Amino acid sequence: MTFGQYPSRVLIANRGEIALRVLRTVRDLGATSILPYTPEDLMSPAAELADEAHALPEGSSYTHADAILDLARATGADAIHPGYGFLSENADFARAIAAAGITWVGPSPEAMDALGDKMSARATAERAGVAPVPGITESITSASTVIDFAAEHGYPVALKRTDGGGGRGITVLASDDEVRSTPAFDSATAGGGTLILERFVTAARHIETQCARDSHGAFAVVSTRDCTLQRRNQKLLEEAPAPFLPEGAHEALIESSRRLLETVGYVGVATCEFLLTPEGDLWFLEVNPRLQVEHCVSEEVTGLDLVALQLRVAAGGHLGEIPEPRGHSVELRITCEDPSAGLAPSTGTITRLRWPAGPGIRIESGVVEGDVVTPMFDPMLAKIVVTGATREQALARARRALAETVVEGVTVCTALHEAVLGMPAFTRPSASGLLGVTTRWIENDVLPVLAAGPGSAGEATATAGPVAAGSRAPAPAAASTRTRSTYIIEVNGQRVQLTIPDGILGGAGPRATVAEHRRRVQPLRDRARATARPGAAGAGAEPGLIIAPMQAIVTRVCVEEGRRVQAGDLLIVLESMKMENYVHAPIDGVVTSIQAVAGRTVSAGDVLVRLTGEDPEEARA
Numbered sequence: 011m012t013f014g015q016y017p018s019r020v021l022i023a024n025r026g027e028i029a030l031r032v033l034r035t036v037r038d039l040g041a042t043s044i045l046p047y048t049p050e051d052l053m054s055p056a057a058e059l060a061d062e063a064h065a066l067p068e069g070s071s072y073t074h075a076d077a078i079l080d081l082a083r084a085t086g087a088d089a090i091h092p093g094y095g096f097l098s099e100n101a102d103f104a105r106a107i108a109a110a111g112i113t114w115v116g117p118s119p120e121a122m123d124a125l126g127d128k129m130s131a132r133a134t135a136e137r138a139g140v141a142p143v144p145g146i147t148e149s150i151t152s153a154s155t156v157i158d159f160a161a162e163h164g165y166p167v168a169l170k171r172t173d174g175g176g177g178r179g180i181t182v183l184a185s186d187d188e189v190r191s192t193p194a195f196d197s198a199t200a201g202g203g204t205l206i207l208e209r210f211v212t213a214a215r216h217i218e219t220q221c222a223r224d225s226h227g228a229f230a231v232v233s234t235r236d237c238t239l240q241r242r243n244q245k246l247l248e249e250a251p252a253p254f255l256p257e258g259a260h261e262a263l264i265e266s267s268r269r270l271l272e273t274v275g276y277v278g279v280a281t282c283e284f285l286l287t288p289e290g291d292l293w294f295l296e297v298n299p300r301l302q303v304e305h306c307v308s309e310e311v312t313g314l315d316l317v318a319l320q321l322r323v324a325a326g327g328h329l330g331e332i333p334e335p336r337g338h339s340v341e342l343r344i345t346c347e348d349p350s351a352g353l354a355p356s357t358g359t360i361t362r363l364r365w366p367a368g369p370g371i372r373i374e375s376g377v378v379e380g381d382v383v384t385p386m387f388d389p390m391l392a393k394i395v396v397t398g399a400t401r402e403q404a405l406a407r408a409r410r411a412l413a414e415t416v417v418e419g420v421t422v423c424t425a426l427h428e429a430v431l432g433m434p435a436f437t438r439p440s441a442s443g444l445l446g447v448t449t450r451w452i453e454n455d456v457l458p459v460l461a462a463g464p465g466s467a468g469e470a471t472a473t474a475g476p477v478a479a480g481s482r483a484p485a486p487a488a489a490s491t492r493t494r495s496t497y498i499i500e501v502n503g504q505r506v507q508l509t510i511p512d513g514i515l516g517g518a519g520p521r522a523t524v525a526e527h528r529r530r531v532q533p534l535r536d537r538a539r540a541t542a543r544p545g546a547a548g549a550g551a552e553p554g555l556i557i558a559p560m561q562a563i564v565t566r567v568c569v570e571e572g573r574r575v576q577a578g579d580l581l582i583v584l585e586s587m588k589m590e591n592y593v594h595a596p597i598d599g600v601v602t603s604i605q606a607v608a609g610r611t612v613s614a615g616d617v618l619v620r621l622t623g624e625d626p627e628e629a630r631a
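Going from the sequence shown to this note's numbering is simple: count from 1 and add 10.
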């Protein structure tokens, strides 16, 4: 390998599993990996494995472009790889890197501007002759515009913030009344966002193309992917190549992707996303101008290293030969969510961890036993990537992989994957030869089955909204049904594995103190624990008190002290594991105090806002 083909010192502007993924390729190429880190990630696996790990300045994070660029200059980095999330789609950051004479491992800022948000992407698609989902590309500011559109195209419709991503900033509306009462307009205004409008397609598959294009004009679709299995517009299971496509769809996907990237002169790796309806309509959804979480399945069926391809193309190299896909690969996202409680977030300390192994198994994870999970970032702990010669073999290996997986201390979504892999709607094509699942299949058909199982009634409260005036916060249970531990016992000479809710036997579980015995303790997300602070529990009994329903990050405070509000007015916007949760005023009244601070983490039961029905001057008197 010569460094004429690749950068020699690569700064990885990210963390967790994606940082590990990139630095491993950098090492394979013989280059030097440089990793910035925050105090919470000092002992992370990525920091341990990086050739150089440097602390970001106090108060900085992975989204502080100036701090990242200063570190790149100081360490002599000749390239910056942004991974995904954080700064990966920040065109201004890319411009600053280029101005500093450092290689940006991604598309040009101009291409990012043309494709980076939902409004410009729709305009680009229209210019390229690729049909987007029916909608309005201009900024939407009034309910009347939405109602008029729905009168022509029908409900449901989706309001989408152009600065959203990963399922955030999407509001689905099913009636004129919902349009008139939605907080989406207020939320967008408060956050400086812009809304576009699209028809919300309820019955469709989500199909992607993993694309690559070099500066010499060469273009390739590495593989197609099916990413239909989602919840709250976020992916849970992906596979490559996309199975059971109707005649002509594969060719249309390739041609549409080519047009999109050539229209903006795109150079680098990208994902073009489409919706495929049962009627065979193919509608453009968006372009992700970066590496995707699910890129691994495309790598497994082609033998390519997409990170190496990114680095080569960024340095001005050629795509080279792109092998035809062979076999089949499935990716299971292991997230900290409880399937029996509507995929409510789960936080806590990972007390036991075992990933599967064996033929066809690849694990992408940035966590270890003893790590603490909080809502600071994405809920994903790991990706289990399973590959076989056929789809049937890949699915069989996926079932085996789930049976070998052990995660204790937090609740994960493995039960959901087990259910999906046993359902004919997913495992076999319909009579017409097509796959019968849609992007709403998980929510409509799978989660209700899991919620109806034993013990689900007691867990349903996990999805409840903020506690309103006059209501009561849930009392602490003697045993948590959200976290479970596994014991090995012997019954009549036979080894039996017993999994029970923590607390049943009078403690927090057999491995609750594992972190005390580890060589180190590394908080995965934050040093905070997923428990309410003293005095918070039961606070909701006070009239006019609004408390947090779960541990979350306060993203926006939409009121100020002394303001008179009406029932239904937006007060606070919380974000837990990339999901927005709107907190509204339960009564008419006056805001007498605000404890929530934008950018800070709150725990379940923490006071957010106090309201009173009195005039604030009268209340003080």
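By construction, these hints were calculated from the structure, which means they are not laboratory data. Treat the hints with caution; some may be incorrect.
Unchecked claim - Just the calculated beta-carbon pair ranges, DEER-fashion:
id : residue 1 : residue 2 : range
1  : 154       : 402       : 33 to 41 Å
2  : 400       : 498       : 34 to 42 Å
3  : 499       : 191       : 30 to 38 Å
4  : 154       : 260       : 35 to 43 Å
5  : 257       : 227       : 38 to 46 Å
6  : 64        : 102       : 20 to 28 Å
7  : 265       : 331       : 18 to 26 Å
8  : 498       : 141       : 23 to 31 Å
9  : 462       : 166       : 23 to 31 Å
Remember, predicted model here, so these are calculated numbers, not experimental data. Ideal placement from N, C-alpha and C gives every residue a C-beta, glycine not left out.
Against the structure shown, which of the earlier numbered hints fail to hold, in ascending order?
1, 3, 5, 8
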